[in-house]
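Enquirer: Protein sequences, first through last, are from chains C and G. Be aware that the first sequence starts at 11, since it is given in the working numbering, and climbs by one per residue. Be aware that the second sequence starts at 9, since it is given in the working numbering, and climbs by one per residue.
In short, the hints are calculated from the structure, not lab data. You can trust all of the hints, since none of them are fake.
Partner residues are not named here, just some residues of chain G that face chain C (Cβ under 7 angstroms, in silico):
1) Arg59
2) Phe61
3) Val62
Nothing here was measured: the structure is a model prediction, and the numbers come from that model. Where a beta carbon is used, it is the ideal one built from N, C-alpha and C, also for glycine.
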Amino acid sequence: MNLYLTAMLAIIRREALRFIHQRSRFLAALVRPLVWLVVFAAGFRAALGLSIIPPYQTYITYEVYIVPGLCGMIQLFNGMQSSLSLVYDQEMGSMRLLLTSPLPRWWLLFSKLLAGVAVSILQVYVFLAIAAGFGIVLPLAGYALVLPALLVSGLMLGALGLLISSTIRQLENFAGVMNFVIFPMFFLSSALYPLWKMAESSTLLRDICAWNPFTHAVELIRFALYLELNGLALLWVCLSFAVFFGLALVGYDPSYGMTRRRKG
Amino acid sequence: MTALDIKDLGYSYGTKRALDGVSFALRPGKFTALLGPNGAGKSTLFSLLTRLFVSREGRIAVAGHDLARTPRAALSKIGVVFQQPTLDLDMSVAMNMHYFAALHGISGRDAQARSERALAQLGMAERAGEKVRDLNGGHRRRMEIARALIHDPEVLLLDEPTVGLDFKSRQAIVDHVHGLAERGLTVFWATHLVDEIRDYDDVVVLHRGRVLAHRAAAKLRAGRPLAEVFIEMTGGEETA
Ligand SMILES: Nc1ncnc2c1ncn2[C@@H]1O[C@H](COP(=O)(O)OP(=O)(O)O)[C@@H](O)[C@H]1O
Ligand SMILES: [Mg+2]
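Pulled out of the complex, with its shape left as it was, chain G reads as follows (with noise of 0.2 angstroms):
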């Protein structure tokens, strides 16, 4: 059973047509690129992902739970790392991940032990105690994306998760979720850059609400560089 199975979705604001005809099955255990110029709609895809959004046409699966009618037990499945932050600056990295654990019903020693345990899958342990305000944009990231993991969803979902980071923080993060999915994770990473994703990685090329492509990163490119491809798919103009 995939950890992410979507078919046939589509979503519109207003008359702008956003997404249309999105299906795709993610591979259990592999890091799966979500390429897609800005403006192709992969924010407004990790919108319905995470049902902040509901849309009437097709249908999504999270491990097997359908998202419109078991939304609950579908959720409880998802990790994610919004584009925008979401993290409360005046309290530590310690507290910002318990509040979350709680909001997943998980308190006490448990939560303790799984913060813990997440910090340190993302080299975070020993900054725990510290306010988050005082970490660096490519910490915070970090802890947020260890917040995500806390409830062990099967699948996580990071939306453009090194915009705005430096070079070697964004190279720590690309590094720290590869190995996240090296255990065994399924990861969905949304990105318009092409150097985050290895030839062994899934890609999908969404442009436009629409999925051009759904395949391994080293049978797209095919002995080309990335980007050529990807440019020559996308006609290299941002939609937004």
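So that you can see chain C by itself, here it is in the shape it has in the complex (with noise of 0.2 angstroms):
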């Protein structure tokens, strides 16, 4: 077998691994946006008032609202949660032992990142099909073609994990980036509310949702769950990754970014 396929496929499935004997992030990664779908949904279902906006063709409840927005919240928390053990956990050993490798950084980065992203694509199909189990159910093949874009998405969201770790020294821990970065994305984003419905209390506030690529990815998925493609959102989210992973390869590079770090 090729040589950069095989180590590719061992990082994947290393991680697969590791995922299945971590039973407690599993249930925290489920149990997050099943709150939010379940009692949140409920509350908020009033604030929302109903409309008609693409991809949906009928009256939505504000439950089917949320839904992607939710697969972007797994598929964030999960970015931050797998770049950060790189750094603060044990991990950061197997991240050595990893770059010790005679391959391409890149390539050997690019691979930890898809096998993050293929945890959090098993992640998003089992909350996928639990909310089904209460009712939201989306149309058949967008369970298939949401399927692609999980993965664009999660590859963005991944590289801006891994360019954090490689970054940011002060977000000492997960509570800080929990602050930082996956709140202010999340709720700054179209996850919760629509576009149209920021700029009803602030055109500042939905430009701002505009701009987070998170927003982005959001609609990505939800365009692509009604069979739809958002070509301008694919556009943004690739154009993140680009971004995101660009910086974190110079972050990764010896010459400039693991030297400084305090020794692990």
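Two independent chains are provided; combine them into the complex using the hints.
Expert: Here is the structure:
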């Protein structure tokens, strides 16, 4: 087998096994969006008001609206968690091992990224299955078409995590990342409210949300679930990925990045 | 051609000088100890040798490959065991071995054969199926050493591999690795413990980032206990 593929498959397999062994991480990843779905959706429903916006063809309930955003949330958490574990857990050692491989660094990091994305996609599908159990059923083909969307959005969010792990030393723990990355990205996006709804309270808020790459990840997922391609969102997500991954590579280049990190 | 050739290597953490004008070449097929007190710069040197860090000062050649100009060719000739263990505890010894083989592009039957051979060299053949979590510290370390051999490196680097182990485990590891050198492998072993060094080994004494001596252990100690000579050279204090 090709040497590059051999390494990539091994990295993905290892991540999957690690994931299976960490059942608590899996549960946490599922409980979070389910709490939103079951508890919050009921309370927020009234505030939304109903209207038909693309890609929806009929009136939808709030639970249905937030499902794509919660898929994005799963990937956002997963992206941050898997790259933070690189820096602060025992995973630092495994990263060191990875980087002594003679394969090109960008390939190794990309494989690592892809491994995290594979895990996040698994989580999303389990979440969608449970949501279906609660009666939130999406178009059948949507479950298949969302796969490429999840791949792209997962790569983008994972690359952001990788970038953070390689550069920002102040974010010493997960709480810091929650406060300064995950919460702002999630709340200032179209995950909980459509952009037109944001504009009602403030156009500045709407503009911020429209710039947020997470908004585009969510919209890409949302449209795919309803069998449509949101080209603008795809473009945004791909561009963001290119920028995040490019900068992460610089961060992991030994002549710039790792060097300045404290001893691990 | 020597497996590891270092010239004028220097490195600083900000203003802290960690390595300064380090030059030496390992004799092929020899066990060379990098002997230095805590804080001497041993781990820093290992980070540079494995390209986790890059320095603008000096150059490193591994089996004739310049580490800065052809890093991938150079890295493929290095086997390394880091000071901190890097193991997947919930996976079997064999799975850990295969994962690492794959990182070097080795898979399938080839990986299987290499893994068995490497484990056998460390006396670990019958433990391939065990979960790493169930192994004691000494056996875990031996697995890491076997893993570092799987791609047939020209030089094996070990950074204080016996730290935290009991006497018997340490002894076994020191014996095994000396055995590897006797069979022709070039070994570079960082330590601050003189009892791991044998008279026929080479010694590089590192202190405050500088090489104080590089010669055979027997010559270095010249009839006195090595510990005494080492303390005399380094002042016996820790510099960290
Ligand atoms: N990341 C770092 N930042 C600043 N100083 C460091 C860092 N790592 C090591 N040092 C310093 O560099 C010197 C050499 O450290 P090290 O290479 O770990 O020594 P050894 O492995 O021989 O104990 C020590 O004085 C240590 O305090
Ligand atoms: Mg050290």
